[in-house]
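Engineer: So you can see what is in the structure, the chains are spelled out below.
Number of protein chains: 2
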Amino acid sequence: MKSFVYYTPTEVVFGPEGEEQVGALVCKHGGSRVLVHFGGQSAVRSGLMEKVCKQLEAVGLKVWMLGGVVPNPRLSMVREGIELVRREGIDFLLAVGGGSVIDSCKAIAYGVPYEGDVWDFFAGKAQVEKALPVGVVLTLPASGSEMSDSCVITREENQDKRGYSTPFGRCRFAVMNPERSFTLPAYQTAAGVTDIMMHTLERYFSREDDMDLTDGIAEALLRSMMKNGLLALEHPQDYRARAQIMWGGSLSHNGLTECGLQRDWSCHKMEHELSGLFDVTHGAGLAAIWPSWARYVYKDHLSRFAQFAVNGMWVEAAASDLEAVALKGIEALEAFFRKMGMPVCMTELLGRKLTDSEIKELAQRCSRDGSITIGSLTVLHREDMENIYAAANR
Amino acid sequence: MKSFVYYTPTEVVFGPEGEEQVGALVCKHGGSRVLVHFGGQSAVRSGLMEKVCKQLEAVGLKVWMLGGVVPNPRLSMVREGIELVRREGIDFLLAVGGGSVIDSCKAIAYGVPYEGDVWDFFAGKAQVEKALPVGVVLTLPASGSEMSDSCVITREENQDKRGYSTPFGRCRFAVMNPERSFTLPAYQTAAGVTDIMMHTLERYFSREDDMDLTDGIAEALLRSMMKNGLLALEHPQDYRARAQIMWGGSLSHNGLTECGLQRDWSCHKMEHELSGLFDVTHGAGLAAIWPSWARYVYKDHLSRFAQFAVNGMWVEAAASDLEAVALKGIEALEAFFRKMGMPVCMTELLGRKLTDSEIKELAQRCSRDGSITIGSLTVLHREDMENIYAAANR
Numbered sequence: 001m002k003s004f005v006y007y008t009p010t011e012v013v014f015g016p017e018g019e020e021q022v023g024a025l026v027c028k029h030g031g032s033r034v035l036v037h038f039g040g041q042s043a044v045r046s047g048l049m050e051k052v053c054k055q056l057e058a059v060g061l062k063v064w065m066l067g068g069v070v071p072n073p074r075l076s077m078v079r080e081g082i083e084l085v086r087r088e089g090i091d092f093l094l095a096v097g098g099g100s101v102i103d104s105c106k107a108i109a110y111g112v113p114y115e116g117d118v119w120d121f122f123a124g125k126a127q128v129e130k131a132l133p134v135g136v137v138l139t140l141p142a143s144g145s146e147m148s149d150s151c152v153i154t155r156e157e158n159q160d161k162r163g164y165s166t167p168f169g170r171c172r173f174a175v176m177n178p179e180r181s182f183t184l185p186a187y188q189t190a191a192g193v194t195d196i197m198m199h200t201l202e203r204y205f206s207r208e209d210d211m212d213l214t215d216g217i218a219e220a221l222l223r224s225m226m227k228n229g230l231l232a233l234e235h236p237q238d239y240r241a242r243a244q245i246m247w248g249g250s251l252s253h254n255g256l257t258e259c260g261l262q263r264d265w266s267c268h269k270m271e272h273e274l275s276g277l278f279d280v281t282h283g284a285g286l287a288a289i290w291p292s293w294a295r296y297v298y299k300d301h302l303s304r305f306a307q308f309a310v311n312g313m314w315v316e317a318a319a320s321d322l323e324a325v326a327l328k329g330i331e332a333l334e335a336f337f338r339k340m341g342m343p344v345c346m347t348e349l350l351g352r353k354l355t356d357s358e359i360k361e362l363a364q365r366c367s368r369d370g371s372i373t374i375g376s377l378t379v380l381h382r383e384d385m386e387n388i389y390a391a392a393n394r
Numbered sequence: 001m002k003s004f005v006y007y008t009p010t011e012v013v014f015g016p017e018g019e020e021q022v023g024a025l026v027c028k029h030g031g032s033r034v035l036v037h038f039g040g041q042s043a044v045r046s047g048l049m050e051k052v053c054k055q056l057e058a059v060g061l062k063v064w065m066l067g068g069v070v071p072n073p074r075l076s077m078v079r080e081g082i083e084l085v086r087r088e089g090i091d092f093l094l095a096v097g098g099g100s101v102i103d104s105c106k107a108i109a110y111g112v113p114y115e116g117d118v119w120d121f122f123a124g125k126a127q128v129e130k131a132l133p134v135g136v137v138l139t140l141p142a143s144g145s146e147m148s149d150s151c152v153i154t155r156e157e158n159q160d161k162r163g164y165s166t167p168f169g170r171c172r173f174a175v176m177n178p179e180r181s182f183t184l185p186a187y188q189t190a191a192g193v194t195d196i197m198m199h200t201l202e203r204y205f206s207r208e209d210d211m212d213l214t215d216g217i218a219e220a221l222l223r224s225m226m227k228n229g230l231l232a233l234e235h236p237q238d239y240r241a242r243a244q245i246m247w248g249g250s251l252s253h254n255g256l257t258e259c260g261l262q263r264d265w266s267c268h269k270m271e272h273e274l275s276g277l278f279d280v281t282h283g284a285g286l287a288a289i290w291p292s293w294a295r296y297v298y299k300d301h302l303s304r305f306a307q308f309a310v311n312g313m314w315v316e317a318a319a320s321d322l323e324a325v326a327l328k329g330i331e332a333l334e335a336f337f338r339k340m341g342m343p344v345c346m347t348e349l350l351g352r353k354l355t356d357s358e359i360k361e362l363a364q365r366c367s368r369d370g371s372i373t374i375g376s377l378t379v380l381h382r383e384d385m386e387n388i389y390a391a392a393n394r
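Protein chains in written order, with our numbering: chain G, 1 to 394; chain R, 1 to 394.
So here's chain G without its partners, still in its complex pose (with noise of 0.2 Å):
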């Protein structure tokens, strides 16, 4: 068992109630100038944004927007924001959005009281040692964003896409209205359940495999998460479902999940070369790479494949043939995502195979060309990344 450190200092205020507070909220963290991040047109349509403002400047706050964060949160973007906050002295900046929009506030936090670049931290050539406040209007759940203390990034130049985990990414409150992601489109919808499992199990999918009560808890969340997805796409507006949704987005990926554990990480990894490079969604591409990834290495790892399959995915245990159960789980996962109309190959994610130079491409990208390996509970080499890029190249 790992030792750990557990830190979730964000003040989550759960329920439709929620969006009342916004304007205490951001007082009681600190915040007088505020810069309210979002992406396209869906919140100002909605009336949120309105609501959000309005409750800003009724308890005498001074608010700037900056607007079009887009899927796969771009550097440039980043790089307006701090330059505004830093003109207009902006000292707290709200998210009002989902992932992108959380992710890209985060990296305007990191950049403002940083005299390099800001993608020096993305780039591992920094820490960062202050950042301004961040507080959160989530109505996207699925990268967890809200509540974790990473943030991804994309650098247009080249499409790298890049993570960087700090503490500071920890944000000071998340108002979470499950009533917002009434509206998402279905293929949105599977996507974010798909990331939330998938941080459950980049974690549960461990080396270190003897802390029965993170694993029971991980497994609840992916019965959970399996459950309420499907009863949410039937329903977008059953707010039981979307709730249990939006809280499992937090905690799967607020490190409670990890206690005990070491994280794996490994299709997070290959699939941020893959929405680098096709701009994909995120929990799609982890769905066309996720199968792949565990036929690949299931076999060295069959007592916790097969608790897994036995655990979170409903198989019969049989103990007599644990190959048997073990691979009866990845074949209920890969079902699922197919019956949430996810991709699970790279036809059904790009529409097309990849070219051998593509894969080559991805692996060397993924590796830093050969420089480095990536998971934990099976060390990844270049050329793994290779066979797994090929084998979901169905």
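Each hint should be verified, as a subset may be incorrect.
Any copy will do: because identical chains look the same in the list, a pair fits if it lies in one copy or spans two.
Said to hold, decoys possible - In silico DSS-like pairs for lysine-lysine, Cα to Cα no more than 27 Å straight-line: (1) Lys353 to Lys130; (2) Lys125 to Lys62; (3) Lys2 to Lys353; (4) Lys28 to Lys130; (5) Lys125 to Lys328; (6) Lys51 to Lys28.
For the record, the hints were derived by calculation from the structure and aren't laboratory data.
For chain G, the structure is supplied; the task is to place chain R on it using the hints.
Structural biologist: Chain R only, in chain G's frame:
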């Protein structure tokens, strides 16, 4: 489903190495003049106290010591602490021990900046508006106070035992080394596991029961505590088992198992009168009350008790007879308490039966002379409390 606030800002440093960081943690969280508060001699004998004090002095902190906290911690000790802290200008409180020491620390933290009498908070006459920061080096997993917002103090004059919850009750950090619980007597280990399970159950048995993610987490927690409770009794130095219990203690009471639910809390309130009057171990008192409470209320909540039985207690589902399944769940937990050596009735708890007048007094006190009810699953009036105490009076 209830809306909720989830706010657990405590920085948990879990594992043996954490003890090396106590000095740095106090500095990080703003302390310079530190009161080390503790109970009896066990923390001194084990060398923990010396280790902690060396740590604190090594980083230049000034240290005062105040020992002698007893189980069911006393108001007189809190008052002594408040006076010492004010006199010496102490700015940080470090609890080294279990729930009693932590709660004594919290009460001191509330009392120091308050002009009135600290008991006002527990008597419902005032609300905490500021408090000194508190850190914890945990030695006894049970109360969950290291991550909870609650605090329970006993006023000696009339054995009043009262709880008080406030966001100011969240500790800044908690160092948790499961090895520190290796030497706990079996009775304390069992009472701790009981308390932990009861913190989960007091929330699980809720009228609002449509948050399956919270249910799944609670059920995983219950199963883990039952498995690891027995393991720790059999092998007191089983790090893995001790670690699940210690972490389970925090998660059971930090709010995670309450998200979306309506807490009940009946058994805790009835037990507080028992340990207030007879100074019994809190966990043991809970075990002696719960089976009688459960049998008193279960018929009105059959599906919830049946879910508890199947998902929490490994009872085989038999949908044809919900009541039989529900009863088997109650019997299973009662049997588990017995197996751990816990009392499940008054004779086993006190060595004798309660007198009729004692039963009346307990219900009288618990209902504040009949002026309040307790519980939310089934609302209990004074006569219900009498009936439950009487049912436990075997």
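Engineer: Give the relationship of Lys353 and Lys130 under a CA distance limit of 27 Å: within one copy only, between copies only, both, or neither.
Structural biologist: neither (44 Å within a copy, 62 Å between copies)
Engineer: Measure nothing new, just compare the shortest in-copy and cross-copy C-alpha distances for Lys28 and Lys130 to 27 Å and report within, between, both or neither.
Structural biologist: Classified as both; 19 Å inside a copy, 14 Å across copies.
Engineer: At most 27 Å between CA atoms: does that hold for Lys125 and Lys62 within a copy, between copies, both, or neither?
Structural biologist: neither (35 Å within a copy, 38 Å between copies)
Engineer: Please work out whether the CA atoms of Lys2 and Lys353 approach to 27 Å or closer within one copy, between two copies, in both situations, or in neither?
Structural biologist: neither (40 Å within a copy, 47 Å between copies)
Engineer: State whether the alpha carbon distance between Lys51 and Lys28 is at most 27 Å within one copy, between copies, both, or neither.
Structural biologist: Within one copy only: 19 Å inside, 37 Å across.
Engineer: Between copies, within a copy, both or neither: which fits Lys125 and Lys328 at Cα up to 27 Å?
Structural biologist: For Lys125 and Lys328, neither the intra-copy (43 Å) nor the inter-copy (60 Å) Cα distance is at most 27 Å.
Of the hints listed earlier, those the structure fails to meet are numbers 1, 2, 3 and 5, in rising order.
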